[in-house]
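Trainee: Residues per chain are reported as follows:
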Amino acid sequence: MSTVLKISQLEVDFEINGVVTNTPLRGINLEIKAGKTLGIVGETGCGKTLTATAIMGLLPSSAVQRGKIEFGDHGVITKADMADIRGSEITMIFQNPQSAFNPIFSIGAQLTMVAQRRGIRDIPATLTARLESVGLRDPKRVLESYPHELSGGMLQRAMIAMALLSSPTLLIADEPTTALDATIGDHVLTLIAALQKREGFAMLFISHDVTAVAKTSDEIAVIYAGRVVETGPTDDVMKSPQHPYTQGLLGAIPSAEKARGTLVAIPGNVPSVLTNIKGCAFADRCSLRMDKCAQEPPAVQIGKQSVACWAVNS
Amino acid sequence: MRILWNRLSSALLVLCAASFITFTLARVIPSDPALAYIGPKATAADSAKLRITLGLDQPIPVQYFKYVWQTLHGNWGYSLSTKQPVLQEIINRLPATLELIFFAMSFAVIFGVAMGVYAAKYRGRLQDSVIRIMAIAGVSMPAFWLGLLLQMLFAGRLTWFPATGQFDIDLKYENPISKVTGFPIFDSIITGNFAATLNGLHHMVLPALTLSAYSFGLLSRMARANLLEVMSQDYIKVARAYGLSERLVFFKLALRNALPPIVTVTGLSTAYLITGTFFVEQVYNWPGIGSFAVNSLLSIDYPAIMGITLLAAVGYLVINFIVDLIHSKLDPRVWMR
Amino acid sequence: MKTKLAGLSFLFKDTLTTIATVMMSIFIGAAIFAPWIAPFPKEGAGQTNVDNIYIGPGWHHVLGTDELGRDLLSRIIYGARPALLIALAVVGFAAIIGTLLGLIAGYRGGWIDNIIMRVSELFLSFPPLLLSLVAVTFLGPGLVNALIALIISWWPWYARLIRVEASIVRSKPYVEISAAMGVPDRIIIVRHILRNVTTPLIVQIAADLGTVILAAGSLAFIGLGAQPPSADWGLMVAQGRNLIFDQWWISTFSGLAIFLAVLSFNIIGDALRDHFDPRIARQ
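Protein chains in written order, with my numbering: chain A, 2 to 315; chain W, 27 to 363; chain R, 3 to 285.
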């Protein structure tokens, strides 16, 4: 199976006047196969969205990016290459559909702008068909409406339609259901899964909600403090999480079975400024902490999973 | 449609209230309005007679209604200084002021917004700093001082422009302008009297520049600030993520979003222009409402003052009304409520 | 907020702001220490010296002398007094009156809110300055009357500003809880509302100080403000008006004083607003 996206040792610094102020990404390694979904899960601020922004080539000029990003047939791509690829072969849907659409243009106008950019012929028919494919039953009305007139769920569907206009190879979904009600969010996830099956795009699904990620992804990558601490097939990671952080994360999920026990919370907080971290970033919150953790643990393969933790590495 | 009706009715309300305030100021504050009306040199008999003529012996509410009635019927009283009907004076002088305001506003809007946009585009660079300094200087400058400075420099020392007046004095004889609309410069264009047009524009430059300074500063600051705020919005990032060109993003999307508040500010700054004409017309001897207003104030010409105040309030209202209309057309979130 | 203001470093954040801070300090210093700073203090205060009329700028009289032989530099220094006085008095009273009324309106709501707001809108329906001009005309020229006229025009801005902020804060949960718990109104107002209202208030005041100086100068220029022999800048510009082509220094330097004073207040007002930016509730 071909690899659609491969990220090797992606690091991102923010600098002001040559002085590094923050290092939000300290070495990300990811791989997405064609037609499959990779889910990225982690707490707010761990660098998930930033990874997506880096992939899209949209980092601000104060950011310094290192590492390799390989995409499909293009091989290694640079920020300049992304100007052509983004919006066509790689598209993205965002967390807050209300603010993602321009309030003074109609949905139709905005979709048309994107369609024109892609050189699509017969735009009205294409848009109507697309809107129907995402489950909007009255496409004409949606096209004529303004963002503030539509509900969150409808807007998110419209955004998905916009993202699929160019028949992308890779769709990045950044917290697509976080701003929606639970049931609506569920519908959206089902919709995305159905569309993926039908049209065959690969997906990078980003969320802090482990359940949503587990539901949609073939593989999971857990990110903590700018590094991938564990990856593997979803079932494997969910059933036997290897990294202490993943274990904590899964232990914190409320469910009917746990209704009688207590929810486990991970003690401590995510480190704030990630520039001067020596060794494993999770160490001071970890119950398995050892002296060796003063050194950054390498990723080791355990079965189909890859884990970066000294405690597992024996 | 309902919004239109709402705006109209509240505008009318404000108008009524405005007339009431003017009336209060003129009749209630001075201890003896009749005396103030005819001046201290009048005899007791004269002022007693005048009191009855003006209806000052009647209770205030009656006076007020009489005033409103007369105003609505076009009787705005007689100017104490010129002895002419106030309404007539105003009509005679309005075109000169309106033309001045037109040119000043056009300059302020076109250059103010353009430079504000330019400064936003080149944020942080030299152009940005220069424009910001110009803008803040514009809103800090006393209009009368700027007028005098320009007069001194460009009319006095450099003689590039005339110092005062709307046209050369000889124009009446050499190239008189036929009256079509009553607006001199436009009439001269319509009737093909281009010598007069040139002359008028030549006289217009310094006063219009002076009058536009404040609005220019205000608009350029607002344009810059709004544009920068719009550029940081999510939907702009999304547009870029979909590969839309930077040119499209900046000019079509961002600018359109930044426009509505700019339109509102334009309305507000027109208000400053209205009172600004008082000073600019004084300095440049411009035959408009502004100089008439100042003279009326200094000679305490009650009817004239009340007429001008009413006019200013009406003008302000009309401008804001139009501005609101344009604003709501531009921003769908407003007209859909 | 108190700690942020104690760090007055924002006044020096860049070249322009630093220059403005220096200018403003000079302005305030001139107003306070005029008799000690002015080279010809008696003339600054109004004493004429008819032998010296219309001397151009030079060594002895740095900015020249005016039509009554008074040293212009001294007059300008003394002119800082009425300017500062008017600015502080107008903004001070307008802010106090406006804040009081705005607080009441925003907190109580109901018919009081309606009345106060309708009245404010009424005043605001006139182009600014027009109301002051008309009021001063009917009250009679003079510094005090100009002051009153300006206060009359200015308080509605504060009333409206405070009222909006007050009603926003009023509907916040922690305030409703306090009220429900029986905390007396005045304590709620002081503790919660005032605290949130302080920031936009300060920014508005800073901006207004400059604008009031401009307005007062304009009134004086027409002749409706301070009267001779007061060393009011606007008045001085008017006095030099007809001499602008020959004895240009009189109007030029007096107007320059107004310009620089207003400019420095505006720049500092901007710096203040940027400083508080994240805290200001945007409508």
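Any given hint could be a false lead.
[What the hints assert, rightly or not] In silico lysine-lysine, DSS-like type, Cα no more than 25 angstroms apart, as pairs: (1) Lys147/W / Lys141/A; (2) Lys69/A / Lys263/W; (3) Lys37/A / Lys69/A; (4) Lys147/W / Lys15/R; (5) Lys278/W / Lys141/A; (6) Lys198/A / Lys305/A; (7) Lys147/W / Lys80/A; (8) Lys263/W / Lys80/A; (9) Lys80/A / Lys7/A; (10) Lys216/A / Lys198/A.
[Claimed, not checked] Sample of chain R residues at the chain W side, in silico, Cβ under 8 angstroms: (11) Phe35; (12) Gly184; (13) Arg243; (14) Asn244; (15) Leu245; (16) Phe247; (17) Gly257.
Just so you know, the hints here were simulated from the structure itself, not pulled from any lab data. All C-beta atoms, glycine included, are put in the ideal place defined by N, C-alpha and C.
Trainee: Within a Cα-Cα threshold of 25 angstroms, do Lys80/A and Lys7/A meet the stated pairing?
Mentor: Cα-Cα ~15 angstroms, so holds.
Trainee: Grab the minimum C-beta distance from Leu245/R to chain W and call the hint holds if it beats 8 angstroms, violated otherwise.
Mentor: Since chain W brings no Cβ nearer than about 10 angstroms to Leu245/R, farther than 8 angstroms, the hint is violated.
Trainee: Hey, Lys37/A versus Lys69/A, does the alpha-carbon distance stay inside 25 angstroms?
Mentor: Measuring from Cα to Cα gives roughly 21 angstroms; hence the hint holds.
Trainee: Let's test the interface hint: is any C-beta of chain W closer than 8 angstroms to that of Arg243/R?
Mentor: holds, 6 angstroms
Trainee: Checking hints one by one. Is Gly184/R an interface residue toward chain W, by the C-beta closer than 8 angstroms rule?
Mentor: Hint on Gly184/R: violated, closest Cβ of chain W at ~38 angstroms, above 8 angstroms.
Trainee: Given the hint that Lys69/A pairs with Lys263/W, does the C-alpha gap stay at or below 25 angstroms?
Mentor: holds, 24 angstroms
Trainee: Is the hinted pair Lys198/A and Lys305/A satisfied, with a Cα-Cα distance of at most 25 angstroms?
Mentor: Given pair Lys198/A, Lys305/A holds - Cα atoms ~24 angstroms apart, limit 25 angstroms.
Trainee: Under 8 angstroms is the threshold here; is the Cβ of Phe247/R close enough to any Cβ of chain W for the hint to stand?
Mentor: holds, 4 angstroms
Trainee: Given the hinted pair Lys216/A and Lys198/A, is their alpha-carbon gap at most 25 angstroms?
Mentor: Judged against 25 angstroms, a Cα distance of about 14 angstroms means the pair holds.
Trainee: At a threshold of 8 angstroms, is the proposed contact between Phe35/R and chain W supported by beta-carbon distances?
Mentor: violated, 24 angstroms
Trainee: Check the hint pairing Lys147/W with Lys80/A against an upper bound of 25 angstroms on the C-alpha distance.
Mentor: Within the cut-off at roughly 22 angstroms; holds.
Trainee: Any CB of chain W closer than 8 angstroms to the CB of Gly257/R?
Mentor: holds, 3 angstroms
Hint compliance for this structure: hints 1, 11, 12, 14, 15 are broken, all remaining hints hold.
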